[in-house]
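Novice: Chain by chain, the residues:
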Amino acid sequence: MSNNFFNEMYDASGIVRPHYCAYADWLLATPAERIARKRAEADIAFHRVGITFAVYGDESSQDQGKERLIPFDIIPRIIPAAEWLVLQAGLRQRVKALNAFLYDIYHKQEILQAGHIPREQVLNNAQFRPEMMGIDVPAGIYAHIAGIDLVRAGAGEFYVLEDNLRVPSGVSYMIEDRKMMMRLFPELFSRHKVAPVQHYPDMLLENLRTVAPAGVLNPTVVLLTPGAYNSAYFEHTFLAQQMGIELVEGRDLFVRDETVYMRTTQGPQRVDVIYRRLDDDFLDPLAFRKDSMLGVPGLLSAYRAGQVTLANAIGTGVADDKSIYPYVPEMVRFYLGEESLLNNVPTYMLRKPDDLKYTLEHLPELVVKEVHGAGGLRHAGRPGLDPERNREFPCPHHCRAGKVHCTANTRTVQLSDIC
Amino acid sequence: MLSRTADHLYWMARFTERAENLARLLDVTHQMSLVPQSVAAGNQNWGAILALNSLQTAFSKTYDEANAENVLRFMVSDADNPASIYSCLRAARENAHAVRGTLTAETWESCNATWIELREQSFEQILSVGVGEFFEWVKLRSAVMRGVTFGTMLQDDALHFIRLGGLLERSDNTARILDVKYHVLRTNGDEGTTDFYQWGALLRSLSAFEVYRKVYRDVITPARVAELLMLRVDMPRSLHACVDGIVRVLNRVANSSSAETGRRAGMLHAQLHYARIDDILGKGLHEYLTDFMDRIYDLGDGIGRDFLVPAN
Numbered sequence: 001m002s003n004n005f006f007n008e009m010y011d012a013s014g015i016v017r018p019h020y021c022a023y024a025d026w027l028l029a030t031p032a033e034r035i036a037r038k039r040a041e042a043d044i045a046f047h048r049v050g051i052t053f054a055v056y057g058d059e060s061s062q063d064q065g066k067e068r069l070i071p072f073d074i075i076p077r078i079i080p081a082a083e084w085l086v087l088q089a090g091l092r093q094r095v096k097a098l099n100a101f102l103y104d105i106y107h108k109q110e111i112l113q114a115g116h117i118p119r120e121q122v123l124n125n126a127q128f129r130p131e132m133m134g135i136d137v138p139a140g141i142y143a144h145i146a147g148i149d150l151v152r153a154g155a156g157e158f159y160v161l162e163d164n165l166r167v168p169s170g171v172s173y174m175i176e177d178r179k180m181m182m183r184l185f186p187e188l189f190s191r192h193k194v195a196p197v198q199h200y201p202d203m204l205l206e207n208l209r210t211v212a213p214a215g216v217l218n219p220t221v222v223l224l225t226p227g228a229y230n231s232a233y234f235e236h237t238f239l240a241q242q243m244g245i246e247l248v249e250g251r252d253l254f255v256r257d258e259t260v261y262m263r264t265t266q267g268p269q270r271v272d273v274i275y276r277r278l279d280d281d282f283l284d285p286l287a288f289r290k291d292s293m294l295g296v297p298g299l300l301s302a303y304r305a306g307q308v309t310l311a312n313a314i315g316t317g318v319a320d321d322k323s324i325y326p327y328v329p330e331m332v333r334f335y336l337g338e339e340s341l342l343n344n345v346p347t348y349m350l351r352k353p354d355d356l357k358y359t360l361e362h363l364p365e366l367v368v369k370e371v372h373g374a375g376g377l378r379h380a381g382r383p384g385l386d387p388e389r390n391r392e393f394p395c396p397h398h399c400r401a402g403k404v405h406c407t408a409n410t411r412t413v414q415l416s417d418i419c
Numbered sequence: 420m421l422s423r424t425a426d427h428l429y430w431m432a433r434f435t436e437r438a439e440n441l442a443r444l445l446d447v448t449h450q451m452s453l454v455p456q457s458v459a460a461g462n463q464n465w466g467a468i469l470a471l472n473s474l475q476t477a478f479s480k481t482y483d484e485a486n487a488e489n490v491l492r493f494m495v496s497d498a499d500n501p502a503s504i505y506s507c508l509r510a511a512r513e514n515a516h517a518v519r520g521t522l523t524a525e526t527w528e529s530c531n532a533t534w535i536e537l538r539e540q541s542f543e544q545i546l547s548v549g550v551g552e553f554f555e556w557v558k559l560r561s562a563v564m565r566g567v568t569f570g571t572m573l574q575d576d577a578l579h580f581i582r583l584g585g586l587l588e589r590s591d592n593t594a595r596i597l598d599v600k601y602h603v604l605r606t607n608g609d610e611g612t613t614d615f616y617q618w619g620a621l622l623r624s625l626s627a628f629e630v631y632r633k634v635y636r637d638v639i640t641p642a643r644v645a646e647l648l649m650l651r652v653d654m655p656r657s658l659h660a661c662v663d664g665i666v667r668v669l670n671r672v673a674n675s676s677s678a679e680t681g682r683r684a685g686m687l688h689a690q691l692h693y694a695r696i697d698d699i700l701g702k703g704l705h706e707y708l709t710d711f712m713d714r715i716y717d718l719g720d721g722i723g724r725d726f727l728v729p730a731n
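Chain order of the listed sequences is A and B.
Residues 1 to 419, numbered by my numbering, are exactly what the first sequence covers, in order.
Residues 420 to 731, numbered by my numbering, are exactly what the second sequence covers, in order.
The set of hints was computed from the structure by calculation and includes no laboratory data.
Check each hint, because a few of them may be wrong.
Quick look at which bits of chain B chain A covers, simulated, 3 or more residues with Cβ under 8 angstroms [said to hold, decoys possible]:
hint, segment
1, 420 to 433
2, 514 to 520
3, 674 to 682
Model, not experiment: these values are computed from the prediction.
Ideal Cβ positions, reconstructed from N, Cα and C, are used throughout, including at glycine.
Can you build the whole structure from these sequences, using the hints too?
Specialist: In structure tokens form, the structure reads like this:
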């Protein structure tokens, strides 16, 4: 397999790709010991930062004392500016179309009426929230923060692996990694013109402030976390601190007269925008999961009354569902009248007999995923899967298969500005 | 600031202070036990520490005799005893972790480092090095934490609630140490060298030995020890100094529902401010200290209701 992987740095004939030349020179000229020393330095520094979500935990657990480090590769993945411009335009276009889709299916459902997406695919989807029908969200934005997973297939050739529109995470790693890289190898930054990423929290805060309920001049924005035991808690504290906003848990908030307040030492304080890092199901025990201890009773009623903005909106999961994914290029066409700048990975839907046949015949080259659920954790199959074991497939109606792309690995690009 | 954040900061400070004062109490008991005495008298002193914290029942579930080693093990390293130094420092760290975004990096790291170092020491190791050294370490780590906190944090509500928690805990703990030791010492009776060492150990445990010399320039008498630890406003661990600080902080953080708590704190302060030690000793020190601890508990209750865990 490995010889099929796309090499970011060298082309097929072993020549350094143009945008890696400066880095390759540096790598050649820098003694290995210095790199090893810097690498160790990075580990120590990350231990100190990452220590929170690693050492912590069940006293009796085997993991006690083990530390999970921020993933950090000393060889950077360089995306040339020209490629990035295309990517950027494609990502904006995609997120815009996904937001238009969400607005549409919670209003007139024109795309369904036009027959571009099978009606039952959307309306019977567990992530479709009837509670959102007819609700107008500020600026018509549902997914304020989107994580679009990309995969490189060849030079200048990117595919979208999947969309994450619910509570995408990982942006803090990007910022921490960049900070570390600048600290360890400042000379690299003088050799390259590297686009900055450090202002992400500022952009995020600005975006969150602009979607405050109408009439609120100086909105109070908070970040809602499931709590210190959540694996992304480091990111929650990081972003709240960087944005200078309160990091709240469900129990810090309460709803009175369809208005959300937080409990402060100076009495109740009104909350206008909630950047929530909590899934829909747990947001409001009165509306969704009754056993949720993490949510805020009555939050949905305040939200529906337009008294508070949630970012992301409720019900975005229907647009990043893997069964909806194949239709995104269709959405771009339908809502924007444009052709998609970014391609989907060729996908076979196993509920279609022809696709199912193809998939079973080409199993070793394909990745098979269950359509429900976010992320790629629940792969039912992957390259090299023993064909004898394909009886373990989940029901074909709930599966899709995608081509395997040979790549160094995939990386999530966060896009906070969608306008 | 968010009530829960204030709550975590307040308890972080309380547990850190509690661990320190427990180390002080165990240290003085340990030092007093070094003076020749009968086994029964020695065990009585160790038993008194359990009684002070109402821990006899919990103790007797795992241990038989309340002797030096058992009580030390129970109060230093026992993870199942919520009042042990181990449990206090763990709770302090858990509270700090929950609000680490509010703390400066140095404050968080010093709290975290304390916990990591503590976890690496078994009770056997502590014994082999010497418990006295361990108690010094606990006091030192508490001092580092305090220094880093007051040396690096913005002087806003976060710092006020840290201070409030520390002062409330310290006032209670000083009262407890005095209560348990004063009685042991008084009933021991005779003046003499033993007594001198015992009172000296008590003063030292509260870092008050040199202070005593400086203030009184005279022999150590029980009444003066009580006065120093209760009524001197310039003695940082005295009841008066603690309540003085509590009143000041409450003024800074006051909100629309905290007037009653402020009034009660002010009243307690006035009583300490105008009290005479002879009157207190005449009416009974134990009664006075018991009443004081009840009122500190009541203040803690009020602070919780007004600021930390308010109803809607």
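Novice: Go through the numbered hints given earlier and state which of them the structure violates, listing their numbers in rising order.
Specialist: none
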